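Model the placement of chain S on the given structure of chain L, informed by the hints.
Protein chains in written order, with this note's numbering: chain L, 1276 to 1459; chain S, 156 to 257.
Calculated from the structure, these hints are not laboratory results.
Hints may contain errors.
[Stated by the list, open to error] On the chain S side, residues computed to face chain L include the following (Cβ under 10 Å):
1. Y162
2. I172
3. V177
4. E191
5. V214
6. G215
7. A235
8. S239
9. L255
[Stated by the list, open to error] Every beta carbon over 12 Å from chain L, so not counted as near; a handful from chain S, in silico:
10. S254
11. K256
12. N257
Treat the numbers as computed from the prediction; the structure is a model and nothing was measured.
By construction, the Cβ of each residue, glycine as well, lies at the ideal position given by its N, Cα and C atoms.
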Amino acid sequence: MVEQIVFLIISAFTLTMAVIVVTKRNLFHAALALMASFLGVAGLYVTLDAGFLAAAQLLVYIGAISILVIFAIMMTRRLMQTSEPAFNTQAGFALLTAVIGFGVVFWVFYVFRNIWPLVPDTAVPLASKPVVPQEVLQNSVALMGRAFVNPAGYVLPFEIASVLLLAALVGAIIVAWPKAEDKA
Amino acid sequence: MIPLSWYLIVAALLFSIGLYGVMARRNAVAILMSVELMLNAVNINLVAFWRYTAPDRPVGLTWAVFVLTVAAAEAAVGLALIISVYRRRDSVIAEDLDSLKN
Chain L
1276 MVEQIVFLII
1286 SAFTLTMAVI
1296 VVTKRNLFHA
1306 ALALMASFLG
1316 VAGLYVTLDA
1326 GFLAAAQLLV
1336 YIGAISILVI
1346 FAIMMTRRLM
1356 QTSEPAFNTQ
1366 AGFALLTAVI
1376 GFGVVFWVFY
1386 VFRNIWPLVP
1396 DTAVPLASKP
1406 VVPQEVLQNS
1416 VALMGRAFVN
1426 PAGYVLPFEI
1436 ASVLLLAALV
1446 GAIIVAWPKA
1456 EDKA
Chain S
156 MIPLSWYLIV
166 AALLFSIGLY
176 GVMARRNAVA
186 ILMSVELMLN
196 AVNINLVAFW
206 RYTAPDRPVG
216 LTWAVFVLTV
226 AAAEAAVGLA
236 LIISVYRRRD
246 SVIAEDLDSL
256 KN
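So that you can see chain L by itself, here it is in the shape it has in the complex (with noise of 0.2 Å):
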C-alpha cells in the first residue's frame, strides 16, 4: 500500500512537471521544470531497484543536459520574455493527437488485461514486481559491466556508441563555431 502510494506521487510530480515543461511560455521556467522531471523518473528508477541507472540519470540528464538547456536558453535570451505566442497554429491538432495516441496505446492495455492487469492481483505474474533474492539486484550492475565488454554480448554497440559520443563531441564545437566574418 505504502509503495503505491509512493509510486502515484512520483508519477504525479514527473507528469506534472513535464505538463509545465510543454506549456510555459517562460522558457527557463520550462527548463528547471525539466529538471524536476528528470528527478521524478529517477525516483521512479529506484521504485524499480535501478538505483545506478538513477545515479547515471542524476549525473547525465540533470547534471549535464539540462545545464546545457539552460545554457543554450540563456544564450538565445532575447526571444525568451517576448509577447510572441509559445505554440504553433496546429496546436489543437497536436494536442488531438497526442490524446489520441495514448488513448490508443491504453486501449491496447484494456485489451489485454488478463496478461498485464491494470489493478493489482496476485493470481497474475505481471501485476506485482516479482520478488527476486537481494544479490540478484545487487549483481545486475555487474553483469550488465561485463555484458559491455563482452564480445558475445554488447561490445559493438558499446564501441559505437562510444564513436558517437567522439561525434557529437567534434560536430558540436565546429558547428557551434563561429565563422571568421562573424567576430568582425
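Then chain S, alone, in the frame of chain L:
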C-alpha cells in the same frame, strides 16, 4: 503491489506530453526539451520490463544506458545547431527556419 501496466501507462503519458510539446511549441529549445521527455518515457519502459520480466538478465538496463548516451549526444549537437542558427538568423523559432522550403 504495483502492476507493470502502471509504469507503462505513466511512460505513455510522459511520451504523449512530449509528443504534444514537439508538435505544438515554436521555440526550438522547447522542442528539444520535449524530445528529452520522450526519451525518458522510453527508458522508464525499458527499466520496468527489465524488473518485471528478466531481473536476472540486465538487457533492459544495458539498452537504457545506450538510450542515455544517445540522448546526451543528441542534446549536445541539437543545442550547438540552435546556437549556430541563432547567430546566423537571429531567431530560434522553428517556423522561421524555412530556407529549404522554396
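Here's how the hints hold up against the structure:
1. Y162: holds, 7 Å
2. I172: Since the shortest Cβ distance to chain L is 5 Å, the answer is holds.
3. V177: holds, 8 Å
4. E191: holds, 6 Å
5. V214: Interface hint status for V214 of chain S: holds (8 Å vs cutoff 10 Å).
6. G215: holds, 9 Å
7. A235: holds, 4 Å
8. S239: holds, 5 Å
9. L255: violated, 17 Å
10. S254: The claim stands: S254 of chain S keeps its Cβ more than 12 Å from every Cβ of chain L (closest is about 16 Å).
11. K256: holds, 15 Å
12. N257: holds, 20 Å
In this structure, only the earlier hint numbered 9 is contradicted, and the remaining ones agree with it.
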